[in-house]
Amino acid sequence: MVSPKVRGKPVALDGDRAVAEAIRQMSPDVVAAYPITPQTEIVMRFSEFVANGEVDTEFIPVESEHAAMSACIGASAAGGRAQTATAGAGLAFMWEVLWVASGTRLPIVMHVVNRSLSAPLNIHCDHSDSMGARDAGWIQLYDETVQEAYDNAIQALRIAEHPDVMLPTLHAMDGFILGHGLERLELLPDDAVREFVGVYKPEHSLLDVDHPVTYGPMELTDYFFEHKRQQAAAMERALEIIPQIGEEYGMLTGRYYGLMEGYRLEDAEFATVALGSTAGTIKTVVDELRDQGVKAGLLKLRCFRPFPATTVAEALGDKKAIAVLDRSLSFGAQCGPLFLEVITALFTHGFSPKVLNYAYGLGGRDIVPAQIHQVYKDLIDIDREGLAGPSLRYLGLRE
Amino acid sequence: MTLKTWREILAGGLITDAGNTEEYETGSWRSHRSIIDMDKCTHCMICWVYCPDGSIMVSDGKVIGIDLAHCKGCGICVHECPRKAISRVEEALAKEGVQ
Ligand code: SF4
Ligand code: SF4
Chain A
1 MVSPKVRGKP VALDGDRAVA EAIRQMSPDV VAAYPITPQT EIVMRFSEFV
51 ANGEVDTEFI PVESEHAAMS ACIGASAAGG RAQTATAGAG LAFMWEVLWV
101 ASGTRLPIVM HVVNRSLSAP LNIHCDHSDS MGARDAGWIQ LYDETVQEAY
151 DNAIQALRIA EHPDVMLPTL HAMDGFILGH GLERLELLPD DAVREFVGVY
201 KPEHSLLDVD HPVTYGPMEL TDYFFEHKRQ QAAAMERALE IIPQIGEEYG
251 MLTGRYYGLM EGYRLEDAEF ATVALGSTAG TIKTVVDELR DQGVKAGLLK
301 LRCFRPFPAT TVAEALGDKK AIAVLDRSLS FGAQCGPLFL EVITALFTHG
351 FSPKVLNYAY GLGGRDIVPA QIHQVYKDLI DIDREGLAGP SLRYLGLRE
Chain B
1001 MTLKTWREIL AGGLITDAGN TEEYETGSWR SHRSIIDMDK CTHCMICWVY
1051 CPDGSIMVSD GKVIGIDLAH CKGCGICVHE CPRKAISRVE EALAKEGVQ
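Chains as they are written, first to last, in my numbering: chain A, 1 to 399; chain B, 1001 to 1099.
Among the hints, a few may not be true.
Said to hold, decoys possible - Which residues of chain B face chain A? A partial, calculated answer using Cβ under 8 Å:
{"#": "1", "residue": "G1013"}
{"#": "2", "residue": "L1014"}
{"#": "3", "residue": "L1093"}
Unchecked claim - Once the Cα atoms are required to be at most 20 Å apart in a straight line, the calculated EDC-like pairs of lysine to aspartate or glutamate come out as:
{"#": "4", "chain 1": "A", "residue 1": "K320", "chain 2": "A", "residue 2": "E269"}
{"#": "5", "chain 1": "A", "residue 1": "K320", "chain 2": "A", "residue 2": "D383"}
{"#": "6", "chain 1": "B", "residue 1": "K1062", "chain 2": "B", "residue 2": "D1037"}
{"#": "7", "chain 1": "B", "residue 1": "K1084", "chain 2": "B", "residue 2": "D1039"}
{"#": "8", "chain 1": "A", "residue 1": "K283", "chain 2": "A", "residue 2": "E266"}
{"#": "9", "chain 1": "B", "residue 1": "K1004", "chain 2": "A", "residue 2": "D222"}
{"#": "10", "chain 1": "A", "residue 1": "K283", "chain 2": "A", "residue 2": "E269"}
{"#": "11", "chain 1": "B", "residue 1": "K1004", "chain 2": "A", "residue 2": "E54"}
{"#": "12", "chain 1": "B", "residue 1": "K1062", "chain 2": "B", "residue 2": "E1091"}
{"#": "13", "chain 1": "A", "residue 1": "K5", "chain 2": "A", "residue 2": "D191"}
{"#": "14", "chain 1": "B", "residue 1": "K1072", "chain 2": "A", "residue 2": "E248"}
{"#": "15", "chain 1": "A", "residue 1": "K283", "chain 2": "A", "residue 2": "E183"}
{"#": "16", "chain 1": "B", "residue 1": "K1004", "chain 2": "A", "residue 2": "E247"}
{"#": "17", "chain 1": "A", "residue 1": "K228", "chain 2": "B", "residue 2": "E1008"}
{"#": "18", "chain 1": "A", "residue 1": "K283", "chain 2": "A", "residue 2": "E247"}
What the hints assert, rightly or not - Covered stretches of chain B, going by a simulated chain A footprint (3 or more residues, C-beta under 8 Å):
{"#": "19", "stretch": "1033-1040"}
{"#": "20", "stretch": "1081-1092"}
Worth flagging that the hints you see were computed from the coordinates, not collected in a lab.
Cβ coordinates follow ideal geometry from the N, Cα and C atoms, glycine included.
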């Protein structure tokens, strides 16, 4: 590992403000956004930057999230860089147009602050919102810390705009836990970010009058399917590109990023799989268990879409027992969305370890170390005695 | 027309050749046919302005007929013609009349 090219400035910021700084430093042509808890501080802070002349972005205070995404689609088709931020119901309200952004192959960047979906009304964190958008053709990265929220925000732009990818990209940070949680992080100097993101030169643009182009035409039975196959292929290529950009970012900052992070995973016998800030809590528990002689490990997934099946299967294939933690429920399904992916990856790569799925943390319910200890205890039990009872369990729920 | 594979087409369904609607014959969608009575027509061009499909054929500043390969039969021209020079006939009957 080479020493980083630039020294970051250590600051204390919450996730929302860190992302607002990242957007200011990337200086997109257009930001169209609507405030919604717990993402409001991103829009609030960024609109202050605009009002103070600290960034020359065209800020569009739209009337809804549907309009926010639609404005981003227009701006991106016109050849500009467009970004937005949202949470929970706001993301759900964008659902229809999320597919237009990806189907039109527009490299829009979205900052998601995870919030549960009503009803009952709840403003706290779970992953129902971003998991609801999992099939919409967007690349999805998950942040463990405020530093990662900042770093992923910046890398998202490069991933989205890579000529082999050209897919809209979102990164998701846990609402309140990261969004409003104050942490120490390093901000890059403005010019380092400017240089990292470079200048966007779209191959096609609505404003290029010398090369007229039609965006968003109708396609019926003749070509629609072929364009969907192209989107699938772009996702496959993104699996190569995301770690390349993570490597380049690492050279700059000293913080390297891949598709996943293994924490004491290589020689582990018992592994958990998780997204987002919960990974931090699990790391503490893994250390405690290791001190007690339990070979515990963690697979923290950074990239959920595209799902890095081979990487995950190879990292988990030799484990005695695996628990997948899902912070959302798919009602009526056999398991949560993360479990579904992990098990499919294992099965199609010829592995069949013992597995458990936990639904946890819905509506912001705290996940604490004692609960994660229980998960590892369950793994040791099913390894010894085989699986008894359901494979989908509820963690932190009053029974 | 041979259809291309997913490897051969532009991403995102973009279309980069201008004026290609001509290649897409929408005339087969028509349930009603508009027919101009040339004796009444004053060549005011209002139908030409209103036709959403560019199907009013013009030559030397004069309306000469309707491009049936593209006219979808929407009837807008029938409604807009100030001289009531355009009539609307069911396509099946119009076809029989032709034969
Ligand atoms: S609007 Fe009627 S009168 Fe005018 S050009 Fe068309 S058919 Fe002729
Ligand atoms: S019927 Fe409609 S499409 Fe056909 S010529 Fe008249 S206005 Fe144009």
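Hints versus structure:
no., hint, verdict
1, G1013, "holds (5 Å)"
2, L1014, "holds (5 Å)"
3, L1093, "violated (28 Å)"
4, K320(A) x E269(A), "holds (5 Å)"
5, K320(A) x D383(A), "holds (6 Å)"
6, K1062(B) x D1037(B), "holds (13 Å)"
7, K1084(B) x D1039(B), "holds (11 Å)"
8, K283(A) x E266(A), "holds (14 Å)"
9, K1004(B) x D222(A), "holds (9 Å)"
10, K283(A) x E269(A), "holds (15 Å)"
11, K1004(B) x E54(A), "violated (48 Å)"
12, K1062(B) x E1091(B), "violated (25 Å)"
13, K5(A) x D191(A), "holds (13 Å)"
14, K1072(B) x E248(A), "violated (55 Å)"
15, K283(A) x E183(A), "holds (17 Å)"
16, K1004(B) x E247(A), "violated (37 Å)"
17, K228(A) x E1008(B), "holds (13 Å)"
18, K283(A) x E247(A), "violated (23 Å)"
19, 1033-1040, "violated (count 0)"
20, 1081-1092, "violated (count 0)"
In this structure, the hints that do not hold are numbers 3, 11, 12, 14, 16, 18, 19 and 20, in rising order.
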